[in-house]
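Starting from the structure of chain Z, add chain U where the hints point.
2 protein chains.
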Amino acid sequence: MSITANDPSRKTWLEIPGDTDFPIQNIPFGVFLTRDDVITIGTRIGDYAIDLGALHQLGYFEGIPLTDDIFLQDTLNDFISDGKKTWRLVRNRIADIFDAKNTKLKDNEDHRNRVLFTLDEIEMQMPVQVGDYTDFYSSKEHATNIGSMFRDPDNALLPNWLHIPVGYHGRSSSIIPSGIPVHRPQGQTKPAESDAPVFGPSQRVDFELEMAFITTDANHLGEPIPVDEAEDYIFGMVLFNDWSARDIQKWEYVPLGPFLAKNFASSISPWIVTMDALEPFRTASPKPEKELLPYLQYKGDKSFDINLEVFLQPEGGEEQSLSKSNFKYLYWNMSQQLAHHTVNGCPVNSGDMMASGTISGSSEDSFGSMLELTWSGSKPIKLKDGSERKFIEDNDTVIMRGFCQNGNSRIGFGEVRSKLLPVYQPKKK
Amino acid sequence: MSITANDPSRKTWLEIPGDTDFPIQNIPFGVFLTRDDVITIGTRIGDYAIDLGALHQLGYFEGIPLTDDIFLQDTLNDFISDGKKTWRLVRNRIADIFDAKNTKLKDNEDHRNRVLFTLDEIEMQMPVQVGDYTDFYSSKEHATNIGSMFRDPDNALLPNWLHIPVGYHGRSSSIIPSGIPVHRPQGQTKPAESDAPVFGPSQRVDFELEMAFITTDANHLGEPIPVDEAEDYIFGMVLFNDWSARDIQKWEYVPLGPFLAKNFASSISPWIVTMDALEPFRTASPKPEKELLPYLQYKGDKSFDINLEVFLQPEGGEEQSLSKSNFKYLYWNMSQQLAHHTVNGCPVNSGDMMASGTISGSSEDSFGSMLELTWSGSKPIKLKDGSERKFIEDNDTVIMRGFCQNGNSRIGFGEVRSKLLPVYQPKKK
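Just so you know, the protein sequences line up as chains Z and U, in that order. Under our numbering, the first residue of the first sequence carries the number 208, and numbering increases by one thereafter. Under our numbering, the first residue of the second sequence carries the number 208, and numbering increases by one thereafter.
No lab work stands behind these hints, which were simulated from the structure alone.
As the list makes no split between identical chains, a pair holds if one copy fits it or if it spans any two.
Listed below are the simulated EDC-like cross-link pairs for lysine to aspartate or glutamate, each with C-alpha atoms no more than 16 Å apart in a straight line:
{"id": "1", "residue 1": "591", "residue 2": "522"}
{"id": "2", "residue 1": "634", "residue 2": "430"}
{"id": "3", "residue 1": "397", "residue 2": "498"}
{"id": "4", "residue 1": "509", "residue 2": "486"}
{"id": "5", "residue 1": "497", "residue 2": "402"}
Chain Z extracted, bound-state conformation (with noise of 0.2 Å):
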């Protein structure tokens, strides 16, 4: 079945910037609150936030195989268990629909005004319900700062790194979206200088650039996923920001990983950009330096060129660029990934979530955390208010945004938006 939504040259009759993210050409898949309290599975086209749950009542998917409360609900989790087949039809004919050339829609006010909300009308949520979430550890030059930083620059990389993809599990329950801010995470720590460890906020709040993609129902207890079918099971892709407390994570992590300094909160843009959007943008990633074990050779272009920037915002202040990177950088790709997570038989599932890792790049203005930026704190950033910031402060916000762009062609993910608030105060009893 052809992806006739990725048709280039096709126009909507719905007024949208030049320069959007959402063409018609996208159409990410989101669940959102409506100004009538409702919550609906939507998609969007400019600025236009569409209630797919309406359009469905009012008979838009006749011919696609789809229950009847498929878009009612609060979670993508069933859409997403219904299959690539289904997401496909479900796009095109979405794309059909707000064709320049269909007026059906166009022409009806009574069920464009049921159907058609504003952004300013909608508070988007959590797409999926994550069942299980995982990270893996993907970027080389991020693993070679980490390295160089903490252990040895001449042995940055670990021995297995370039034979596994290296990935372990994470906490669902603290994954929010775009727009949630997030508490100063308290924890123990170890300073140099004391002999026990002491209580109190985190000193070293950090960003993590990361994109993560969402899975459906792909395979029972015992079943490996091979390699060159791995795509077929994964929807689609959001921007991700993995909160993590650098000084909490340095005394807890030996020898069974992160654990309280990363899973206080996960930020994730709240659109999932569908693989289907994205095959324009397929590229190569970068070449295996090692012999790869067979279950982990692919063919063809596994990974995509997606143009990645993270920003902070001090309180009352303006935004600035702290970096740009682009997911292509990633040495591991999301087939290899997930053929990984999978060749001892781990069951996944619907709306399960595996995030990339930080994405940094060889130029120190790419790199993927403020821990790498700043070399550990050591190289502090000036901010345009004359402030300087070794890591994140009470009250920043920061932000993350990505596209794909070739020519005038632009598919992106919006933003990943999320402020840190200072440490949570109990309410008195």
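Chain U alone, transformed into the frame defined by chain Z:
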């Protein structure tokens, strides 16, 4: 509200074995498929499974604030969300319904036929949908054994271990109930004699004797749970076999912790024994060896005296005890684990599962894994059929049992039993 269900003098009108794990003082909660292929929430007394959905429809829970369908669900998550007061009301009522002095249900044959099942008429399911699963590492004896084997016997414990209830995130999707077999996982390992890693079946499949607790909705993002309130949010406990692949673990786990070595399967006993039922077996934890930070200091006894035993049954052979341990050996208790887990504001929800880590005692016959029992394979265990085991072999069944005993009073967990199958063979397409 008193826990009248714990009255040790109470007898039931049901005929039950004298030495059962499930006297009328237990009243655990589980989910099962009935002879009519209906999924329901139930409890167990002796060798009877009791359909709580049917009991509720028949009006036996009148006066307790419960939604009509609370027990007609395929998980306990919503019931657990109802909170401790409701759990206690329901458990006290069940004790009353089956009390030898109460003839209402006893004398109603129609009702009895709708409510009571024998164990061979039902099939136990996962009792909860696990939102997030965390595995702790709370046995000092286990951590010391591992450190002695793989690092340095004189500095076996890492510097953070006596300060932090060390834990890490695990995989929810591969937690399965007793009775479901597990395939031997495949993966990358790095033999000492080889320069490059190799791929193949794990040669060191192991069990880990653990217990896990299940939580209710405990906090919001940002909000810590104080250590002395933690027990209010714990619904109950199960036996937990954390299947492990030691050779895969060794190659993958630095620096982000175990991943594929653990996430192929964890098996649990299907009946959740409530904290109320365990109350008479409350006991002290080992005395802390280091001054604890205030958020980990608690009042009173927070551990439980639960006898644990692991058995191995070779294909066609008889089962044989490998190890006897006790939950009370754990250095860190559940209240400390939950307080630590949330001190940074990490949200904990209904159905989350937190396992203890391997529970080893101080003597060699109380170690909780083959890795420790055979000291990394150097001291194989001799089985009654003459064969030896360094680790678990294909078609071996591992069984864990646990119970509290005080004179004639016994509260047990039943068992978690699972067979290791050979490597998964993909079906021909």
